[in-house]
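Student: One-letter residues, chain by chain:
2 protein chains.
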Amino acid sequence: MKRTPSNLDALFDPRTVAVLGASRDPSKIGHLVFRYMLDSEAKLFPVNPSAGEILGHRCYPSLGSIPEDVDMAVLALPASATPQAVRECVDKGVKAIVCLASGFGETGSEGKRLEEEIKKILASALPEMRPRFLGPNTLGVYVPRRRIETIFTSRERNPRPGPGGIAFISQSGATAVCIMEAAAAVGVDFSAFVGIGNKLDVDENELLDYFAADPETSTIIMYLESFKDGRAFLESCRRIVPKKPVIVLKAGRSESGAKAAALHTGSLAGSDRVVDGALMQARVFRAYDEEELVDLARALDHGRPFTGGRVAILTTAGGMGVIAADLLESRDRGVGLKLAPLSERGRAKLRSLLLPFASANNPVDVTANASNDHYAAALEVLESEPDLDAILCVMQFQSPFVDERLMDIVTDWFHRGEKSIVVTSIGGELSQRALKNLTESGVPAYPSIWRGVRAIGALHKRGVWASANSKR
Amino acid sequence: MKRTPSNLDALFDPRTVAVLGASRDPSKIGHLVFRYMLDSEAKLFPVNPSAGEILGHRCYPSLGSIPEDVDMAVLALPASATPQAVRECVDKGVKAIVCLASGFGETGSEGKRLEEEIKKILASALPEMRPRFLGPNTLGVYVPRRRIETIFTSRERNPRPGPGGIAFISQSGATAVCIMEAAAAVGVDFSAFVGIGNKLDVDENELLDYFAADPETSTIIMYLESFKDGRAFLESCRRIVPKKPVIVLKAGRSESGAKAAALHTGSLAGSDRVVDGALMQARVFRAYDEEELVDLARALDHGRPFTGGRVAILTTAGGMGVIAADLLESRDRGVGLKLAPLSERGRAKLRSLLLPFASANNPVDVTANASNDHYAAALEVLESEPDLDAILCVMQFQSPFVDERLMDIVTDWFHRGEKSIVVTSIGGELSQRALKNLTESGVPAYPSIWRGVRAIGALHKRGVWASANSKR
Numbered sequence: 001m002k003r004t005p006s007n008l009d010a011l012f013d014p015r016t017v018a019v020l021g022a023s024r025d026p027s028k029i030g031h032l033v034f035r036y037m038l039d040s041e042a043k044l045f046p047v048n049p050s051a052g053e054i055l056g057h058r059c060y061p062s063l064g065s066i067p068e069d070v071d072m073a074v075l076a077l078p079a080s081a082t083p084q085a086v087r088e089c090v091d092k093g094v095k096a097i098v099c100l101a102s103g104f105g106e107t108g109s110e111g112k113r114l115e116e117e118i119k120k121i122l123a124s125a126l127p128e129m130r131p132r133f134l135g136p137n138t139l140g141v142y143v144p145r146r147r148i149e150t151i152f153t154s155r156e157r158n159p160r161p162g163p164g165g166i167a168f169i170s171q172s173g174a175t176a177v178c179i180m181e182a183a184a185a186v187g188v189d190f191s192a193f194v195g196i197g198n199k200l201d202v203d204e205n206e207l208l209d210y211f212a213a214d215p216e217t218s219t220i221i222m223y224l225e226s227f228k229d230g231r232a233f234l235e236s237c238r239r240i241v242p243k244k245p246v247i248v249l250k251a252g253r254s255e256s257g258a259k260a261a262a263l264h265t266g267s268l269a270g271s272d273r274v275v276d277g278a279l280m281q282a283r284v285f286r287a288y289d290e291e292e293l294v295d296l297a298r299a300l301d302h303g304r305p306f307t308g309g310r311v312a313i314l315t316t317a318g319g320m321g322v323i324a325a326d327l328l329e330s331r332d333r334g335v336g337l338k339l340a341p342l343s344e345r346g347r348a349k350l351r352s353l354l355l356p357f358a359s360a361n362n363p364v365d366v367t368a369n370a371s372n373d374h375y376a377a378a379l380e381v382l383e384s385e386p387d388l389d390a391i392l393c394v395m396q397f398q399s400p401f402v403d404e405r406l407m408d409i410v411t412d413w414f415h416r417g418e419k420s421i422v423v424t425s426i427g428g429e430l431s432q433r434a435l436k437n438l439t440e441s442g443v444p445a446y447p448s449i450w451r452g453v454r455a456i457g458a459l460h461k462r463g464v465w466a467s468a469n470s471k472r
Numbered sequence: 473m474k475r476t477p478s479n480l481d482a483l484f485d486p487r488t489v490a491v492l493g494a495s496r497d498p499s500k501i502g503h504l505v506f507r508y509m510l511d512s513e514a515k516l517f518p519v520n521p522s523a524g525e526i527l528g529h530r531c532y533p534s535l536g537s538i539p540e541d542v543d544m545a546v547l548a549l550p551a552s553a554t555p556q557a558v559r560e561c562v563d564k565g566v567k568a569i570v571c572l573a574s575g576f577g578e579t580g581s582e583g584k585r586l587e588e589e590i591k592k593i594l595a596s597a598l599p600e601m602r603p604r605f606l607g608p609n610t611l612g613v614y615v616p617r618r619r620i621e622t623i624f625t626s627r628e629r630n631p632r633p634g635p636g637g638i639a640f641i642s643q644s645g646a647t648a649v650c651i652m653e654a655a656a657a658v659g660v661d662f663s664a665f666v667g668i669g670n671k672l673d674v675d676e677n678e679l680l681d682y683f684a685a686d687p688e689t690s691t692i693i694m695y696l697e698s699f700k701d702g703r704a705f706l707e708s709c710r711r712i713v714p715k716k717p718v719i720v721l722k723a724g725r726s727e728s729g730a731k732a733a734a735l736h737t738g739s740l741a742g743s744d745r746v747v748d749g750a751l752m753q754a755r756v757f758r759a760y761d762e763e764e765l766v767d768l769a770r771a772l773d774h775g776r777p778f779t780g781g782r783v784a785i786l787t788t789a790g791g792m793g794v795i796a797a798d799l800l801e802s803r804d805r806g807v808g809l810k811l812a813p814l815s816e817r818g819r820a821k822l823r824s825l826l827l828p829f830a831s832a833n834n835p836v837d838v839t840a841n842a843s844n845d846h847y848a849a850a851l852e853v854l855e856s857e858p859d860l861d862a863i864l865c866v867m868q869f870q871s872p873f874v875d876e877r878l879m880d881i882v883t884d885w886f887h888r889g890e891k892s893i894v895v896t897s898i899g900g901e902l903s904q905r906a907l908k909n910l911t912e913s914g915v916p917a918y919p920s921i922w923r924g925v926r927a928i929g930a931l932h933k934r935g936v937w938a939s940a941n942s943k944r
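In order, the protein sequence lines correspond to chains U and A.
Each residue of the first sequence is one higher than the one before, counting from 1 in my numbering.
Each residue of the second sequence is one higher than the one before, counting from 473 in my numbering.
Keep in mind that the hints are not guaranteed to be accurate.
Unchecked claim - Below, a sample of chain A positions facing chain U; criterion: calculated Cβ distance under 10 Å:
| id | residue |
| --- | --- |
| 1 | Glu578 |
| 2 | Ser581 |
| 3 | Leu706 |
| 4 | Ser831 |
| 5 | Phe869 |
| 6 | Gly899 |
Hint data in this document are derived by calculation from the structure and do not stem from the laboratory.
Just so you know, even glycine gets a beta-carbon here, dropped at the ideal spot from N, CA and C.
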């Protein structure tokens with residue numbers, strides 16, 4: 001018998017945290033975790049029988065000697081010391097345990113034995129008093145808004161994302177922190193990260209339900225190498241996706257990938273074709289690499305889903321418009337949508353507003369000689385087109401008469417307009433800064449045309465799925 | 473009758489350059505082009521009937537008043553003034569004309585008429601004295617090594633790449649400079665860029681042959697919206713690709729893309745399926761977006777082609793290894809290669825050298841706790857594996873015990889080892905700096921697993937194609 005999902009609150013919003021294995025040695029995991037967690041508002045208790053104090057905090061010789069209730073116990077201990085520590089957690093009535101050590105089921109029979117022992121110890125507690133157990137073989141949790149964090153990589157070498165709406169459930173901790181660092185570098189933020197590791201107790205299904213109910217989470221992404229209970233997973237997804245998009249990177253698709261997954265987290269991957277079909281039926285987005293996972297997340301987290309599939313391209317560079325048109329329309333190398341013909345009225349207006357050599361057809365090419373005002377005027381015309389759902393804004397700052405104010409123009413329309421907008425900009429520093437600013441303002445913005453088009457495709461899929469749902 | 477290709481030297485290595493329409497006004501194209509070209513070693517002549525001097529250079533009232541031979545004339549003039557200027561070039565015996573103006577065939581009948589007029593004027597010259605004409609509707613040329621440059625976008629807003637081995641022939645100038653800026657930002661360099669614009673005279677085929685013979689060019693990439701002579705193009709490619717890889721981004725594949733191309737550069741796209749088959753037969757790589765174009769170029773320009781198709785993955789993050797394995801093996805969402813089983817001897821060696829929880833199978837996962845030395849040791853073992861052709865090095869700097877020296881280790885093996893090596897690193901600033909350094913050292917290095925795997929796939933294709941060639 002499990003507690004209700006809300007007892008996972010002790011993992012993401014603990015009031016009191018004990019760090020077992022807290023250390024004065026700055027190179028130790030038990031030091032980093034304690035130090036990083038000091039930034040949170042949780043009350044912290046370092047536990048170490050041989051240290052007097054750590055970073056000015058009195059050290060407790062044992063969990064039992066802490067004079068208060070402990071919501072979360074972080075085990076920064078070797079695998080072999082874990083069963084004894086779990087026993088102490090049970091005795092203390094700890095609500096949630098995060099077990100950072102590896103060397104369990106993923107490494108062989110001795111590790112599996114340790115996991116069984118821990119399960120027995122947990123089972124020995126009264127169900128309503130039983131601590132929830134995250135891991136082992138995990139980097140634990142990271143909640144940017146509350147600075148709750150057990151990630152033990154160096155913050156300097158491995159910068160973390162800020163608070164946002166994306167919750168990330170990952171079966172691989174190291175992979176997830178790399179992905180989050182790359183995402184943070186382009187302005188994508190997260191509500192929470194949780195590494196499920198070997199899923200001894202807490203698994204992806206329960207976390208999915210938890211984040212479905214979490215008001216700070218608007219989009220859920222997952223890196224999985226196996227499903228603990230595929231049927232339950234799909235049922236949860238079906239309930240959740242009408243409200244929040246779910247995107248899954250399910251690895252172990254290939255023969256070697258599946259073998260590698262078995263060695264990495266001890267998981268057995270199912271048949272990939274079945275997975276593919278099941279995810280599609282449940283209207284879960286499937287990503288095939290780490291970049292697509294985050295690209296789809298930021299499109300779906302902020303972008304506007306649409307159903308009609310009629311797209312316009314607005315570009316300052318003719319060739320970019322042609323490439324984008326191909327990727328939008330092509331079925332095998334693209335997303336299979338349609339460029340919308342513009343209304344006679346719209347085209348006449350564009351002709352009157354734009355430069356002589358501009359194209360008033362779709363793709364609308366304002367040309368490299370256009371100013372911010374030309375771009376803004378064209379965008380306004382497109383926003384009032386009756387038979388148009390989405391606009392891909394190809395924004396090139398290499399043109400002499402446009403500048404960063406173009407971002408404000410597009411951001412403004414993104415928020416007050418009725419069309420779905422996605423931005424791409426190809427270039428160096430200036431483009432990258434602009435894309436980051438746009439992303440931080442919630443606009444899906446990408447450094448490649450294909451990635452922008454793929455985002456448009458995802459917003460269309462989401463719109464079609466939502467409308468099919470509402471007709472059920 | 474055309475001159476030999478070598479008369480295109482006047483475009484890429486002129487000794488004397490006249491800028492018609494050179495201007496004192498810093499906002500004018502005729503100012504920028506003149507100013508930028510001053511960095512070259514060519515002797516410059518500004519031509520402008522109403523300016524006394526420009527940037528300290530005496531201005532000539534007409535082309536005819538220049539007292540020396542003129543290799544290249546850059547026309548920074550309106551379209552309507554072009555025929556008269558071309559006539560003067562013919563009279564002067566100029567070797568090459570670069571026509572920067574737009575407003576020709578791409579805009580309608582009046583523009584087409586202008587083009588016909590120019591053709592007639594050129595045809596009136598004796599064949600052996602006939603100037604070559606680049607454009608119109610082009611950004612012209614850029615030769616980083618010699619700082620020959622007619623690109624009239626701001627260098628500050630639109631940084632240019634440095635000297636390298638990639639020649640870029642593009643039917644769209646604006647698009648090409650955006651692509652080159654993005655490439656330069658990650659350390660990819662170019663031997664030359666040339667915008668063919670409306671191809672009134674000089675076309676992609678002749679340029680292809682020119683760069684095939686150019687000792688400073690090792691790889692040729694093209695952005696095309698149409699083929700001037702498809703058969704000749706394929707014949708040239710067949711001759712060239714055994715020596716230098718050719719990569720083509722042929723846009724206008726879709727219905728809307730083809731229409732947009734017609735409006736953009738006045739070109740008529742052929743049937744895309746025919747194009748696809750013909751390029752494949754000629755062993756030309758086809759890219760489908762601007763990122764793939766440069767990604768393939770840098771893999772093929774420096775990387776080692778291989779035939780066996782047996783790949784190993786070396787990773788510091790288990791999950792990254794699983795994702796990479798999937799992308800390497802999958803046929804529909806990947807490149808369809810095989811992860812090689814490692815030899816018993818190799819695996820034993822890996823087990824003895826690596827950390828206890830590391831994986832000595834392929835993917836080799838040294839784990840996030842590995843040091844530079846562990847990674848180096850594993851790489852050495854893989855380099856001496858008998859049945860292995862290529863190694864994907866997944867390099868994550870988030871791990872606490874690795875640092876930037878990892879780059880030197882991999883770069884060293886890249887140059888002295890026998891396997892084909894491609895690097896990926898997912899992350900923020902540190903990863904991006906490392907990737908740029910690797911790229912500048914010639915190592916194909918990418919910020920996403922898929923892009924790294926795609927590079928491996930391209931090197932395998934190139935190897936297989938080369939071996940098929942040698943068997944012919």
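Student: Under the criterion of a CB-CB separation shorter than 10 Å, is A/Ser581 in contact with chain U as hinted?
Tutor: Since the shortest Cβ distance to chain U is 14 Å, the answer is violated.
Student: Checking hints one by one. Is A/Glu578 an interface residue toward chain U, by the C-beta closer than 10 Å rule?
Tutor: holds (7 Å)
Student: Double-check A/Phe869 for me: the hint is only fine if its C-beta lies closer than 10 Å to a C-beta in chain U.
Tutor: Check passed: Cβ of A/Phe869 comes within 6 Å of chain U, closer than 10 Å.
Student: How about A/Gly899: closest beta carbon in chain U under 10 Å, or not?
Tutor: holds (4 Å)
Student: Are A/Ser831 and chain U close enough, Cβ to Cβ, to be under 10 Å, as the hint says?
Tutor: At 5 Å from the nearest chain U Cβ, A/Ser831 passes the 10 Å test, so the hint holds.
Student: Does the nearest C-beta of chain U fall within a distance shorter than 10 Å of the C-beta of A/Leu706?
Tutor: Since the shortest Cβ distance to chain U is 21 Å, the answer is violated.
Of the numbered hints listed earlier, those contradicted by the structure are 2 and 3.
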